[in-house]
Structure formats: C-alpha cells, structure tokens
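There are 2 protein chains.
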Amino acid sequence: MEELKKYVSVKDEDHFYHQGAVELLIFNFLLILTILTIWLFKNHRFRFLHETGGAMLYGLLMGLIIRYVTKSPDVESGTVYECEKLKSGPSTLLINITNQVYEYQYKREISHHNVNGHQGNAMLQKMTFDPSIFFNILLPPIIFHAGYSLKKRHFFRNLGSILTYAFLGTAISCIVIGLIMYGFVKAMVHLGQLKQREFHFTDCLFFGSLMSATDPVTVLAIFHELNVDTDLYTLLFGESVLNDAVAIVLTHSISIYSPKENPNAFDASAFFQSVGNFLGIFAGSFAMGSSYAVVTALISFMHLTKFTKLCEFPMLETGLFFLLSWSAFLSAEAAGLTGIVAVLFCGVTQAHYTYNNLSPDSKMRTKQLFEFMNFLAENVIFCYMGLALFTFQNHIFNPLFIFGALVAVFVARASNIYPLSFLLNLGRKQKIPRNFQHMMMFSGLRGAIAFALAIRDTDSQPKQMMFSTALLIVFFTVWVFGGGTTPMLSWLQIRVGIDPDEDLKAKAASQSASNLEKNTTKAETAWLFRIWYGFDHRYLKPLLTHAGPPLTSTLPGWCNPVARLLTSPSAYGDQLKDGDTDYIITNDELTENYEPSAHIPVPAQDNTGSIQATGKEDIQAGDLGLGGYKLQLQHTACQPQKNSLA
Amino acid sequence: MEELKKYVSVKDEDHFYHQGAVELLIFNFLLILTILTIWLFKNHRFRFLHETGGAMLYGLLMGLIIRYVTKSPDVESGTVYECEKLKSGPSTLLINITNQVYEYQYKREISHHNVNGHQGNAMLQKMTFDPSIFFNILLPPIIFHAGYSLKKRHFFRNLGSILTYAFLGTAISCIVIGLIMYGFVKAMVHLGQLKQREFHFTDCLFFGSLMSATDPVTVLAIFHELNVDTDLYTLLFGESVLNDAVAIVLTHSISIYSPKENPNAFDASAFFQSVGNFLGIFAGSFAMGSSYAVVTALISFMHLTKFTKLCEFPMLETGLFFLLSWSAFLSAEAAGLTGIVAVLFCGVTQAHYTYNNLSPDSKMRTKQLFEFMNFLAENVIFCYMGLALFTFQNHIFNPLFIFGALVAVFVARASNIYPLSFLLNLGRKQKIPRNFQHMMMFSGLRGAIAFALAIRDTDSQPKQMMFSTALLIVFFTVWVFGGGTTPMLSWLQIRVGIDPDEDLKAKAASQSASNLEKNTTKAETAWLFRIWYGFDHRYLKPLLTHAGPPLTSTLPGWCNPVARLLTSPSAYGDQLKDGDTDYIITNDELTENYEPSAHIPVPAQDNTGSIQATGKEDIQAGDLGLGGYKLQLQHTACQPQKNSLA
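So the protein lines, in turn, are chains A and B. Under UniProt numbering, the residues of the first sequence are numbered 1 to 646, in order. Under UniProt numbering, the residues of the second sequence are numbered 1 to 646, in order.
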C-alpha cells in the first residue's frame, strides 16, 4: 500500500515536470516555425512580414488552439475559500487537505471582479508566465544589445535631435495621450460604460506613458536591409532606444505619484515630487549602468596589461562581461531604480570603453552572443504577445476605449514629431526633410516595452482595459505599419542603398563652408559637450582603454608617477607610432564591426592628412541639434605641451 | 483613500520584482567571484581548485550568510491551515483573507514531519528554485555540450570499453551501493535510528542508481590542460557522459518499479517490467534525440543546396540549431522518456552530420554558444549546490548513513573499474594499464547529475536523507579528489603533454603488425560496427551532409534519378576532386576544432598516401573493446563499380 502510494506520488511529480517541458516545447516550436518562415521570406525578399510579426501570428494561432482545443480539468480553481485565521497573505501557505499537507506559493492579489475569470483551464494558466520574467530575463538582452550596437558616430552627430525627440517628445506624447484618453473616459462614464470614480486622470497619464514607448524593430530591420539614409536610421533608432528608457521611468514616476487628497485635483507638491522622482531615477540608473561598465572596462584593462594571460581565456572574459552587464540591470532593479535605463547606458559605455580592451576573440564572442540573445528574446516576447490575446484570462475589450487609444496614439505621435522637427530644423544645418518626418511619424510602432509595462499590473479593471488595448495596438501597428514600411519608403521617395560612411563624408563636406564662419560665435553653446569630449579623450579613454594619448602626456607634470602607473605600456607604443590615428580607429572600430559592408577609404600614402580630416569631421559633426560647431581637437600626443583646454 | 491603496499595492508589487532581481543578483555575484578567482588561479597555474569547486565554495559561504544573517519576517509560514471543503489540492487556490482575494499556486506536497522545518525565512525559500529548472534549463546545455564536443575518433577507438564501463559498470555500481546501503539501513533500524518499514530495498537501489552518475568535470579539465594520455581522457570522458545517461534512466526505472505485494520481496514480473522500462526508455530517448538531429541535418542541408542563401543568415541557422536541439530534450521529457539521454545523442548526431553542413560562421557560433552555456550552467549548478547546504530546509544528516554511503561509493567504484578493466584487458590489444585503472578509480567524482536526481524528490524522510548525503559526497569528492588530481597524476606516473594525434598514430603503428594476422579470423565479431560504418559512410553521410561519396555512386543503378535529386551538387565536385580526402577531413574536423593546439602534420607533397594511411588507421582503430580489427574501407568514390557490401 505504502509503496503504491509512493508510486502514485512519483507519477504525479513526473507529470509536473513534463508539464514544464510541454510549455517550453510550445515556445520552441513557435520559434522554430518563425525562423523557418522568415528564412523562406528572406530568400524570396518578401518584406511585408518581419520575424516579430511572424512570431506574433504563430503565437496567436497557438493561443487560439490552446484556448479552444484543450479541456479544463481543474474545476476547483474558480472557487474562493474563506480563511478567517489569516490576517494577511503569507508568501507560503501550508494547507491540510484530507490529511495531506500541501504547500502553496503566493502568486498575486486578485480583485473580486476577476474571480469569475478564473474558472480556467490549467494549460492557459501555465502558459501565462510571471511578468518578472519579462523584466529580469527577456528585456535586458534586447536593451543591452541596442546600446551595445549603437552606431556611435552617427548617434553623436544627431545627439541633440535624438535627445529632444526622446525626452521632450515622450513627455508630449504621454500628456497628449493622457488628455485624449481622459476625454474618452469622461465620454464612457457619460454613456454608462464606466463607473464615475474608477478611472482617474493619473490612470490616463499612466496609459499615456506606457503607450509612448515606441519599438520600430520591424522598420529598423527593413531600413538596415535596404541601407536607408543613415541619418534617418540613426534618428529613429536613437529615438526609439532612449524613448523606451524615458517611457519606463515616466511610467514608474506616474505610478508612484500620490496626491494627498483628491486624486483628480492638481497637487503641486506631489507633481514636483514626481518630476524629482523622474530625474532621480533616471540619473541614478544612468550612474549605476555606467559604473558597472567602467568596472568591466577596468577589469578587462587590468587583464590585458598587468596579467597578460586573459586573452587565453576568452570564455572567462565573455562570462565576466555578460555577468557584469546583467548585474548592472539587476542592481538597479534591486536598488529601486530602473534596470532598463541602467542596462542601456551600460551597453553604450561597454561599447565605448570595454570593447576596445577585449581580445579579438572576445569581441566577436560578445557581439554574437548578445545578437543571438537579442534575437531569441525578441521573438519570445512577440510570440508571447500573440499567445496572450487568447490565453490571458481577464481581457476587457471596450470598443470606445480602443478607438480612443488608436486616435490618441496617432495624434500624440504627430504632435511629437512635426512640432519638434520644426523646432529642430530652426537650429539644424542638416535639416530633417519633410519625407523623413512623415517616415518617423509612420514608424511609431508599439512593441515589447509597451506590452511589458502593461502586463506588469493587470489587477484592477482599468489596468486590464489598458492591457487589452495596448495589446491590440501592438498587433495593429506591427502588422499594418511594419508591413507597409517598404511601400511607404518608395512612396515618400526616401533614398535606399546608401553607404553610410560615404554619406557622412559628403554631408560633412557640404557643410564645412558654412561651418567655418559660425565656429567662433557659437562655440560656447556646445561647451558641455566639448568639455566632456576632451575629458573623455584625454583622461577616461587612456585610463580605461588602450586608445587615446598616454596619461603621462595629458596629466599635469606632478602627476607623472601616478600616470605612469595607470598607463598601459602598449598605449605608449601605439601612441608614439600613430598619433591620433589610434584614437580615430578606435572610435570607428565598433561602427565598422557592425557594418561589414562599410569600407572606410583611408588612403595608405597620405595617412596623417586624411586621418586628421576625418578626425575633424567627426567633431564638427557633433551637433547638439542646434547647429554644427567645430570642436578644437588638440592633437595632444603630438603637442603634449600645449594641451590645456581652458 | 483609493488612490493611496493603489499606491501601496504598486509599491508591494515593485517589492516583488526587486526580490526576483535580488536573487538573480546573488547568483551573478557568485559567478563573477568564481570567474575572477579562477582567472587568478589560472594565471598562477594553481590547479588545486577548479572553477566548479570554487563556485561551490562561494555558494556555501553565501548560503551561510543568507541563513544566519537575514531575518525571517514571515511568521505565518510554519502554520498549517485546515480546509475541509477541498477534496484534493488544485493547481491554483483562491483564498479570501480579510476581504481580499489572493491567488496561490500549488508548489508541492509536504510530509507531516517536514511542516516544522517551514518556519522559514522568506529569503531562504526564494533562493530555493524549482528542481524542474535544473532538468529543463540547466542540465540540457551541459549534456548537449558533452555530446557535441565528443572527440569522435578517440571515442570510437574505445567504444567497446566505454560501453562496458557505462552500462555494466553503472549497473554493478548501483547494485553494490544498494546492497551496502541496505546493510547500513538494517544496522540503523537495529540501533533505533530508523523505523522498520521506512526504508525499503528499492529505496537503497534508488540511492545506488543516483549515486552511480559520476561527473569528473574537475579531473577532465585538468587532463585537458595538461594533455594527459588521450586514451585515458577518452575512457573517462566517454564513461562519465554515458554513465550519466544510464544512471538517469536507471533511477527512473527504479522509481517506477512497483512490486504487487511486499515491497521487500523479489517480484520477478515487476523486475522484468523494470528492465523492460529501462530498455524502452533508453531506446526511445536515443531515437528521439537522433531523429531531431537528423531533421536539423536535413534542414541545414536543404539550406545549403536548394536555397543557397542561408549562409547569409548565420543567426537563423544558429537559432534553428539551438532550438531543435533543445526541443529534442523537451519532446523526450514530454513523451515520458529521458530528455538527458535524448539531448546527449542529439549532440553526438549533430556533431556527426549537421556540423558538416553549417556555414563556417555558424560552426563557430554554435561551438562558442554551447561552450558558453555549458560554462554558465555548470557554475550555476555548483553554486547552487553550495547554497543548498544551508538554504535547503529539510536536511537530515545521519552520520551512519553518510559513512555508509561514502564506503559504498568507493567499494562500488572499485568493483566497477577493476573487474571490468580486467575483463576488457583480456580482449583489448591496447591494454588499460594498472595506473590508468587507479586513475579511473580515483576520478569517480559525483556532481551535477547526482545532485539533480536527488533534489528531484525530497518529500519523504528517506529521500531527504539521501539528498543530504548525496550533497556531502559531492562536496567531498569535488574538493578532495578534484584537488588531488595533479598530485595523483604524478604519483601514478601518468604521462602528460601528449599530442593526441601523434599518440594515436604511434599506437596504431605499433599495433599494425599484430593486427594484420588477426584480421581475417576476428573480422566477423565486429560485423555490427562494420555494417553501421559502411551504411553511414555510403548512405547517411551523403544524404545528410556534403561528405562521403555521391549517392549516385553508392545506390543501385535503378535509384539513380532519386539519388541525383538527393545529392548536393557540391558533393560531386568535392568528391571527384578529393576522393576520400574529404571524408577523412570531415571526420577530423571537429576534433581539430576542439583542440587548437593539435596540429595534424599532413605533408603537402605526398597527399594521397598519407591521407589514405590516416584513413585506414582510423578504421583499424575502431575496436569494440575486444581487440582491433581492420575494416576494409572501400574507396567508393574512386571505384564506384565495386561497392556492394553484401
């Protein structure tokens, strides 16, 4: 008898293991299907469905099958049991059922109105995974990869415009969506579809902030494939990366906005507290991410110089790089900051410093590893979005709300792109043309971040309505706008097939004449950028990488002993040999690595001349969205005695 | 008020997310520490602590800190609540506590005696992860990597011996441990430390089977680093890989062994059913794993030939490879078979066929990806083992049982290695010397698999005692034996610093004289191997890869239209150009890739001669543990008219 009981218990447990396997297998199967489809499409140069769109479609079909084909054996799960002895929900609950103790783990709080939705199907519940998996495991590689693969040169050329779109644009978008939705909510209350006090203005703003995170991954993939104008690509990519960060912090700040009395009235102190929260969280996350990257750079730098053997262990190097970057995310989350922002800036900083210290093998390994993880994570998320339409059990689809959200999203995008582009064009020499603006307007797709933010909290009815609506908007934008990218490009007559480096040079050349006049008058405006640039080039780069001039030449004379200690022997060699060449090559290295097709034509004979020109162009190009200023890059290595900036 | 409540709820939820981040951060931190330590050790050529030992040590320290430093805020968790309304434990439980409904998820069944152990610390509970994570996520990459990186040539040279050690040896080990433990259990009952009917003979056998999975990763790493004799390396590696598979299936079969009446009496029908289960599960898993690999090979083959563009998308290729290999594991688990066995043979088959079809970029990507995943997964498991000593809450340490297990493990290893080596040496020409046998005896470390099998079921007291004991044995063997490998090698006077290919040639040359005489008499004994070899070389290799002769030359004449369809155009070209060269190079390719230091000296001038010699040697070397037989490899490409085997 006892033996038989054990037998049954083992069987039961096996059943549980197999369940986990079945769910993972479903995801694997969906991803395999997606890859095969995409591969077929790529072969036939069919660009109307991107892999993410395909993943979503297969997810949708699978969700439909799971929902309507599998049975629901779990009859008990809809019933609510009373427990008078407990005061609050403990994290683990031991329950004695017919003389057998079972352990239950706390999952979440459920609103009373959702209880009926729980007469579910065990399979559906198992296919729904914990939102913290999105945040802790699936999103970090995507965001890190975005930061790591940023084309720095083009990014810094357009930094001012990108920052404007990301910060100002996202704020505008959030407020516009919030206001429009508040109007629709009022209308819904009027029509009796909603109760009076259920949906506050802060909820509308919350929805606005989460819907402001754009994710034009489909569009960018097509841009990349067709070699669309690099400025357009960079503007869109930079905007979408930073705007995710801004939208996440904004959502966080709004969710902890707590006016003292009437939630609808404006409370100035609470408002300013929210603004303070926003700035604090953003700055803190930025600092957290960058410092992890600096630690990685220092470790990898130490490896290379003091203990020269690390290049023999690319595995350890790659492992350390991976773990420290992920730790940046996790530490920020653990500290109550925003991990996504931390991991984004960690990626950017890693690419700027650490990448230069890695052994050639590790450079390739890290690049391929993050590329692969990005690919998998992205497709898993889009599959899951497809699944969620049918497997999520508490959808609330309100036609008026959905219609309102669609309108709001487009109006908000328009009031972000067009006015800001107009303002930016006042300052920019290289104007953002009308067709680029239309393309940016068109590329306002919503994706993984909006979904992840919406699924994080689906307890109350307003939040469920937001989640269902966000999901539909993601479907709509990814399929309709993602599929329409290629026709739109040709309709707007945007140039394709451009070599990004040739393009940059041509633009720089055409600007140089007008630049020279403005240099002296406007040079002060870009002082912050210039100081940072000089500081980075003269102190940080030499300290953290092998690029840049040796510290002995940049630090004052009395620091020489320290400087000598901190400078790697190879820096001297490289520096004395190549002068500024090394710096420029280092700066371009990442760009080159990410664009195998781009060949930078450096004539071998006239080396110093052409390189100095490229160097200058690089700095001239560093506009802050307000124009182009020539930065007086001093050739520190060649003239070590003249290198004071002030 | 309502707003305030929302505020609190968001805060709470944030708290939950951060918790997940904190736990992951702890693991990251441990892994970073491990990597830095190992890197330091490697630089100083300090070989007494392998990375897994280091990971375990850091895990132990962290477990100690978590256990004794963090407070236990969760007072409720030790209490058991009665629930009269429920008949069985549903997978989700909704409970109304002070007018708020909470959702709880089923975790596991708890024996009454464990309830007191649950007055735990929430942190400890959170650090304890679900055993299914081990099985579904951490083990597959380790086992796949073992299969994928198998040095096929050396493996097949020693196949017979390896199979003997793995199947017969594991069975012996299981029975010996079971018998010794049964003796100790009887003694414990006699001393009153255990109740009469608590611990059956099947439980002892269960313990025996799980303790039979050896994991000499530490020893193998040192062997690899020091270039120890390749035969010893291969014997040990092959044995440990296959023996994991055997031990897992054995554990599974024993756990579902269910005699009708008295569990202690021998029930012949149940016993044979168990043997049948073992064979069925093993064969089924083998078939499942291989067929996934064959599908992958076919897809990658199709990619290369029919649609030549896939090499442009190494990401898709790598993704597909990764997902299909993982699916082999998950499908086997979902079908009630053993995923570990499936993924092991999937890895071997992928290396044999698919690897040859991949683009050079994908070859490197897959190799590095699996290497990296293996590295991470292994260290996570060993960290977790260290943690588990202090964080697992139901340890039962019984000194007598632990002492008995230690004795049993060593006696079992001795009665596995020495008698089987003696028997094998009767047949082997290349004898297994005495010092190799001692080294194999010494390398009987226990590791990840034993731990994973033990943690899978820790509900009853016997199982908990087994888990605690297994954990201690892992610690003991990894630290003591792992640390003692280098002294042991020099004490046993085992040669190090051997170039594996030179070694193979020297051995083959010394054998060739004695071989030639035995060829004709013993050739029939190896008929199974020969038929498989011929079939593989003439039909499977050409069908699934670009190696081997074109199918048009190996299939009968009337199959020509089909053969032409199935053969890739490149196979013709390569084949006609190189003859057998291609085959041999393909066979060696993986070996070469995994040993960057090994240079195979192929003189460029006398190409055909030397290569044909290598080819023959390769086949001569294919002993089945019973001797060495020369296999008449027919040069099919050169003589397409003579190639009928029968």
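Just so you know, these hints were derived from the structure itself, not from any lab. As the structure is a computational prediction, the values presented were derived from the model and not from experiment. The C-beta atom is built at its ideal place from N, Cα and C for all residues, glycine as well. Warning: the hint list may mix true and false statements.
Some, not all, of what chain B presents toward chain A, calculated at C-beta under 10 Å [as the list claims (entries may be wrong)]:
#, residue
1, Phe135
2, Leu138
3, His190
4, Gln193
5, Pro314
6, Asp499
(request) Would you pick out the hints that fail for this structure and give their numbers low to high? (result) 2, 3, 4, 6
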